[in-house]
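S.K.: What follows is the residue order along each chain.
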Amino acid sequence: MTPRSLFFDDESASKPPSALARAASFAIALLALSLCLFAAFYVLQYEWNWSSVFRYKAKFLKGWLATLGISSISLIFSFLVGAIATLCYRSRFLPLKYLANIYVELIRGTPLLVQIYIFFYVIANAADIQNRYLVGICIMAIFSGAYISEILRAGIEGVGRSQLLSAKAIGFSEYQTFRYVIAPQALRSSLPALAGQTANLIKDSSLLSIIAISEFTLNAQEVNAFTYSSFESFFPLAIGYLALTLPIMRLSRILEKRLRFET
Amino acid sequence: MNLRFEKVTMRYGQQCALDDFSLSIDDARCIALIGPSGGGKSTTLRLLAGLETPSSGSIQINGTEIGSSEPERLAYRKRTGVVFQAFNLFPHFDALTNVALPLEKVHGYSHSASIEKAETILEQFQLSEHRFKKPAELSGGQNQRVAIARALAPDPDTIFLDEPTSALDPEMTAEVLDAIERLIDAKKDLVIATHQMGFAKHAANQIALIAEGKLVETGPAAQVIEKPQSPRTQKFLRACLSF
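Residue numbers (our numbering), protein chains in the order written: chain F, 40 to 302; chain D, 272 to 514.
No lab work stands behind these hints: they were computed from the structure.
Any given hint might turn out to be false.
Pairs of lysine-lysine, DSS-like flavour, derived with a Cα cap of 27 Å [stated by the list, open to error]:
no.	chain 1	residue 1	chain 2	residue 2
1	D	K376	F	K296
2	D	K404	F	K296
3	D	K405	D	K376
Please work from the sequences and hints to get the whole structure.
M.R.: Structure below.
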């Protein structure tokens, strides 16, 4: 074990570490992190009160399901918004192109919190949208759509010039080139990033609690208030989000690996 | 096949790939374009294939001008085949789909007829056992043969090959040159940009040497290779044959 081997992959290693070695290393890392957390609470001299929080487990579940529902519906709409923005960005009609450009830059350049306030107090009021959940879904779709649009655009631009030349030589029309050559390759190369963005969407939806949408985070905050506890409900909250995001991030890794293998 | 380039200039930004280029070849089955890399062979071929429009000048093939409007050029491209140096197969489709898809989507074959035709063609190039493999699973030589099969499948009038063996080792080169001879046997008109002088000499009727964006010399294959007139050709061939 040299200082260099701490941070650099040893590419000349003859065999990868065994499953046992990996499991033990994982346990050590997890233990180290837990110790830090434990030490922090020890310093605070905090009195745990899990039983009062446990009584509200149905409320946690309700909030978790609400987050799952809001995220799922937002995800579908954000793909729609993102795909449309990408098409507009590629449009030869310049106003449409700039519209997409401004939309993406505005959303990516401002905090979600600000967007939620503006959308909720200005746009939703002006458009007279009463249903908070609908407002929440609109906000998340518009927010996440901008990022998805960027991901798709990068995917499309990543399709090699030689592929386009080849499609042209075959006699494909512009539409056929997009349908059979660009879109499948762009989508495939975007998949890992899209999965990552899905995890982001789920986490970011927690901010909807500030406009009193009864999702997971708001319910956890309410439990804290009901039970006069300060931290306990944040742990189920973190675990609840991890239960959604960990599998998605794992999927993203697998897709990334498969992509590297294929090309 | 007859080819005529009249005062063709092709610029990419500041760079001039073809400079007032004129060429006239009549009654050839197979034309080889030779010359140094970056001299204008590939540009000549891309213009001939209707993939790009010249900055100025006119290009005729078999007496008809390659149209300047996009619909005309699309129609023209449907009647020609192109084989690229880097194969340019679609990586997300298997070999069979790479050959069959253009037949179905561009040339009006039914799905089953396109598959049937693609299988026949792949069979001719001894690729049947590889038909369900994607380009990443095939060797360079196999990929290039699939690309040749793809170009041949719609039964084009002319096939353009842009240095089809430059990315291949000698064994694969031999197998691809073999496949190209099959195209000649199938009575296709060919224009091939190549560095394989031996192949150019025995397979091509006419050779044109292009360097620095200009035509240096043109004539029957044996004559250009054995009794080159221009000092530029002599220098190029000396370099080709000295190692």
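S.K.: Hint by hint, note whether the structure agrees.
M.R.: Hint by hint, here is what the structure shows:
1. D:K376 with F:K296: Distance ~32 Å between D:K376 and F:K296 Cα, so the pair is violated.
2. D:K404 with F:K296: holds (20 Å)
3. D:K405 with D:K376: Holds: D:K405 and D:K376 sit about 20 Å apart, inside 27 Å.
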